[in-house]
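Asker: According to the working numbering, numbering within the sequence shown proceeds without interruption in unit steps and concludes at 262.
Treat the hints with care, as some may be off.
As the list claims (entries may be wrong) - Below, simulated SDA-like cross-link-like pairs (lysine to any residue); rule was C-alpha separation at most 20 Å, straight line: (1) 79 - 118; (2) 138 - 111; (3) 167 - 198; (4) 138 - 118; (5) 63 - 27; (6) 138 - 158; (7) 40 - 28; (8) 217 - 198; (9) 40 - 87.
To be verified - Label pairs and their calculated CB-CB ranges: (10) 119 - 245: 47 to 55 Å; (11) 71 - 123: 46 to 54 Å; (12) 153 - 33: 28 to 36 Å; (13) 123 - 46: 40 to 48 Å; (14) 54 - 33: 47 to 55 Å.
I should point out that these hints are in silico values taken from the structure, not numbers from a laboratory. Glycine residues also receive a C-beta, built at the ideal position from the N, C-alpha and C atoms.
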Amino acid sequence: MNRLVALVSSTWLALLFLIMAMPVYAAAPTITSFDPAFGKIGDIVSITGTGFTPASVARFNGKLVTQLTVNSVTSLSAKVPAGATSGPITVTTVDGTATSDVYFFVAPTLTSFTPTKGPVGTEVTITGTNLAPDTTVKFNGIAATFFAVINSTTIKATVPNNMTTGKISISNTSGTATSLTNFYVEPTITSFSPTTVAIGTVVTINGTNFLGASQVKFNNATASSFTVVDDTKITATVPMGANRGHIMVTTLGGTANKLRSF
């Protein structure tokens, strides 16, 4: 009897050790949702799912997240990494990889444009990131009618009618990016008053795109004193040496020459 009990006990112990030695398989992680659905580099995105512990790695369209917090087995907080582009989010653990069913959309950026000045009708090449097919382009608030999204980093746009000197902006469903510098449009002079003046008289010059004016001339005599009141008005003092002739205003966008003599 004792030998039977000992045999049963040893059998159960062997089975117990066998069970303990067997590998434990856990389910692969899943992603059920994330919030917000779009944002910019550096934003914090909350990812919800299952199986996020004991260890997780997250990526935005393949770009590794360097700042990731595992809140629980069902929750992660991820900072959108530099260089991330629109695409799916993935979470990887020792048990597998989960991929989101929908894209996280990264807001566009505008890094440069060329040329930096020109008249209406000039074709401008805009460079940035995350430029989607639904991207729109504006020159100082005026929508470009003719433009093409070449790829996710390049747009070619034509300077629209009535455009004035100012920033370029690009927008899509993920957000808006604005240039740090102005696109300069050639200035125009539409009128000035008075039209008959003496040396030292202050003349009001009306036109467009006067922002950033660097020089005002009265028939080649340079005005030493002038004020850019706004984008459409300059006041200038007629300098010594001025005589009958044209008024010219020079900006970063070019030079305007009023053909009517003063």
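Asker: Quick one, are residue 138 and residue 118 close enough, alpha carbons at most 20 Å?
Answerer: The hint holds at about 15 Å.
Asker: Would the pair residue 167 and residue 198 pass a check requiring their Cα atoms to be no farther apart than 20 Å?
Answerer: The hint is violated at about 39 Å.
Asker: Does the alpha-carbon distance linking residue 79 and residue 118 stay inside the 20 Å limit?
Answerer: violated (40 Å)
Asker: Checking one constraint from the list: CA of residue 40 to CA of residue 87, max 20 Å. Satisfied?
Answerer: Satisfied, since the Cα-Cα distance of roughly 13 Å is no more than 20 Å.
Asker: Starting from the hint 28 to 36 Å, judge whether the C-beta atoms of residue 153 and residue 33 obey it.
Answerer: For residue 153 and residue 33 the Cβ distance comes to about 29 Å; the hint holds.
Asker: If I claimed the Cβ atoms of residue 71 and residue 123 lie 46 to 54 Å apart, would that claim hold in this structure?
Answerer: holds (49 Å)
Asker: Against the range 47 to 55 Å, how does the distance between the Cβ atoms of residue 119 and residue 245 compare: consistent or not?
Answerer: Taking Cβ atoms as reference, residue 119 and residue 245 lie about 24 Å apart, which means the hint is violated.
Asker: Taken at face value, is the distance from the CA of residue 27 to the CA of residue 63 at most 20 Å?
Answerer: violated (24 Å)
Asker: Between residue 138 and residue 158, does the CA-CA distance stay at or below 20 Å?
Answerer: holds (10 Å)
Asker: Hey, residue 217 versus residue 198, does the alpha-carbon distance stay inside 20 Å?
Answerer: holds (15 Å)
Asker: Between residue 54 and residue 33, is the Cβ distance one that fits in 47 to 55 Å?
Answerer: violated (22 Å)
Asker: Does residue 138 pair with residue 111 here, judged by a C-alpha cut-off of 20 Å?
Answerer: Distance of about 15 Å is within 20 Å: holds.
When the structure is compared with the earlier hints, violations turn up for hints 1, 3, 5, 7, 10 and 14 and for no others.
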